[in-house]
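One line per chain: the protein sequences are Y and C, in this order.
If you number the first sequence the way this note's numbering does, the last residue is 373 and the count never jumps.
If you number the second sequence the way this note's numbering does, the last residue is 373 and the count never jumps.
What the hints contain is simulated information worked out from the structure, not anything from laboratory work.
All of these numbers come straight from a predicted model, not from anything done at the bench.
Ideal Cβ placement from N, Cα and C applies to all residues, glycine included.
Worth double-checking, as some hints may not be accurate.
Simulated restraints on C-beta separations [claimed, not checked]:
#	chain 1	residue 1	chain 2	residue 2	range
1	Y	Pro67	C	Glu209	54 to 62 Å
2	Y	Arg218	C	Ala360	58 to 66 Å
3	Y	Ser324	C	Ala70	22 to 30 Å
4	C	Ser33	Y	Glu364	37 to 45 Å
5	C	Ser87	Y	Leu16	33 to 41 Å
6	Y	Arg243	C	Glu209	44 to 52 Å
Number of protein chains: 2
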Amino acid sequence: MTASTANLQNKVHIDLGERSYDIQIGSHLIGSSATFEGLPDGGIALVVSNEVVAPLYLASLLAALRPRHAQVHSVVLPDGESHKEWSTLQTIFDGLLKHGCDRKTVLYALGGGVVGDMTGFAAACYMRGVSFVQVPTTLLAQVDSSVGGKTGINHPLGKNMVGAFHQPLRVVCDLSALNTLPERELSAGLAEVIKYGPIADMAFMTWLEDHMDDLMQRDPDALAVAVKRSCEIKAQVVASDERESGLRAILNFGHTFGHAIEAGMGYGSWLHGEAVGCGMVLAARLSQRLGLVDAQFVDRLVALIQRAKLPTVAPVIDASDNASRYVELMRHDKKAEAGAIRFVLIDGPGRAMLRPVDPALAIEVIESGCRIA
Amino acid sequence: MTASTANLQNKVHIDLGERSYDIQIGSHLIGSSATFEGLPDGGIALVVSNEVVAPLYLASLLAALRPRHAQVHSVVLPDGESHKEWSTLQTIFDGLLKHGCDRKTVLYALGGGVVGDMTGFAAACYMRGVSFVQVPTTLLAQVDSSVGGKTGINHPLGKNMVGAFHQPLRVVCDLSALNTLPERELSAGLAEVIKYGPIADMAFMTWLEDHMDDLMQRDPDALAVAVKRSCEIKAQVVASDERESGLRAILNFGHTFGHAIEAGMGYGSWLHGEAVGCGMVLAARLSQRLGLVDAQFVDRLVALIQRAKLPTVAPVIDASDNASRYVELMRHDKKAEAGAIRFVLIDGPGRAMLRPVDPALAIEVIESGCRIA
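Just chain Y, same shape as in the assembly:
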């Protein structure tokens, strides 16, 4: 694998029949009308962003869209995972109706995963379905959440419990936007980048070990490679299992523990990527406990996660009965079936599988505090 130039105009194609689309990866894409060529034009565009991203990129995106659409409007949401719920979604519907948006309206999601998930879900539901374009401005959204059509909101009892599969028309990954990303969010995004190594591509894991310092310093060449390779792997998995009936679940490596951490700590306390980083450590240890990988592999993964400045020790989410609370929250995971919790495990480095695991083993891993032996 070789690094490309920073302002490469790369495309990754997602093959989903009539719902196929491209991921565009490059620099300075948001402000350029050319970025949006080939998309439906003429009607109303509604850009959804949040109060952190809007001051940075909204004017630029609106300017790029104005020559293409009859009307261009925007809705600015409050920032953060804690707002990923119905009342915030409702403000998007209010905006759509206020501006008289019809079925030909195109929504644009300008922001991170929360903005993308909510805008996509609003597009899925408004008048039973309108089109949308993802313009992810965080690393996490560029390499994971904006790709593949999963949209939704949280429920107090579980993350993303209410949602839809609704594919975007295009994903525009502007690498320049990563320059304004807070370091904590850069790290959170790297959790989802790291994920692709153990589940699918150990050569990529080795590349990440070689380039983690470059990535932490936002070297544009390194970021371009990391985003592209992540999208390629995700595209392949999603194309073979759009609605997560099987294989696609492997993309949830670290997420069963991670969702319990996010819900247990209260949404917004830990970033999704932080919870996934820590969750990957727990899931790797569980894989080791089941004899699927050895300690050396786990240590390698933990070291890489630490270099991305991500937490690797499971937090206490309930002082009175921590393990039971983890298990309770994990039972609400969407992968659970007939009451059994199913985990994505590493079935040998570079290969993942989904299987039910005795909660007692998960408790053992949680209680060992996922300290490196």
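Use these hints to put chain C onto chain Y, whose structure you have.
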């Protein structure tokens, strides 16, 4: 067309590829396990009903499902169109999560159109999609809303503005349930039955003229024919245009005016079917105004609607500027495009079309009070 026996076990098939399903029409279906043969079993069943229907049929349906499912639970919603909104929907999600429902869970909608639309939308969104079965207990739901996969909730600015296309696994039309229907709801259901005549089948309209007294007296043979023929026509239209990109819109005859009446009067004041009955009169007059049908056809339709004890005079929804308020509300119709209101018109008896109409003509029809000339 000949009447069949009341306890016929008729099926109407909806051909939608892998989303195909049957509508079962017969007597005493709800309490029989045999009704549900062939549907997924084993997992959790969650029956959603409302406080009016539950005392009548919930125990019976639960008894029929218990031998088939590992767990059978229920959620009872408040009754009425005014509750067709997010906070009521949320109680379904609460029930699903409280009972640990997973992706294999099957929802059953036991009730009228509101219960069916909300249960279907909850099924579409819970964990990004689970299965559901329609068990409509009102005439309106049996002949219209339970068939075709349109689901959703209302927004203060428009009806069914938030929703999804999500097909049920089966529709079970138990004609026995119509015996407990209040007369006002029987009439409301007949509005959607009458609709199928002018848009698709004038022989059916003639049959309705011959049998309207039987239908109003709930003659089981007459109801069986009316439900079956209505479902056949709807099945044909839906199969050719599942997501309403064209033809399917003709099923909305009377609905553009009707939705404005419902919203203008406040949801729950007029029943949907009452608004559609009156809306059909307005749409027929608009068709006449455009020279598409003659006065004789309009008079025939108005007489039939009156015999079903439905309103035929447009209500005043805004004392200060009634016509403008109608137009404002109709601009929010989902069929509107680029600001133009599109109406389903009768393009000669038995044939419908969708086209934009100058709002001035619609105002003229509204202001003439849809009195029979």
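query: Could one say that the CB atoms of C/Ser87 and Y/Leu16 fall in the range 33 to 41 Å?
result: For Y/Leu16 against C/Ser87, whose Cβ atoms are near 35 Å apart, the range 33 to 41 Å holds.
task: Note whether the CB distance of C/Ser33 and Y/Glu364 lies within 37 to 45 Å or breaks it.
output: Between C/Ser33 and Y/Glu364, where Cβ atoms are some 43 Å apart, the hint holds.
field: Status of the given 54 to 62 Å range, CB of C/Glu209 versus CB of Y/Pro67
entry: Holds - the Cβ-Cβ distance for Y/Pro67 and C/Glu209, about 57 Å, lies within 54 to 62 Å.
message: Against the range 22 to 30 Å, how does the distance between the Cβ atoms of Y/Ser324 and C/Ala70 compare: consistent or not?
response: Taking Cβ atoms as reference, Y/Ser324 and C/Ala70 lie about 24 Å apart, which means the hint holds.
message: Just to be sure I understand the hint, the distance between the Cβ atoms of Y/Arg243 and C/Glu209 should be within 44 to 52 Å; is that true here?
response: holds (47 Å)
task: For the range 58 to 66 Å, tell me whether the beta carbons of Y/Arg218 and C/Ala360 fit it or not.
output: holds (60 Å)
Going through the hint list in order, the structure satisfies each hint without exception.
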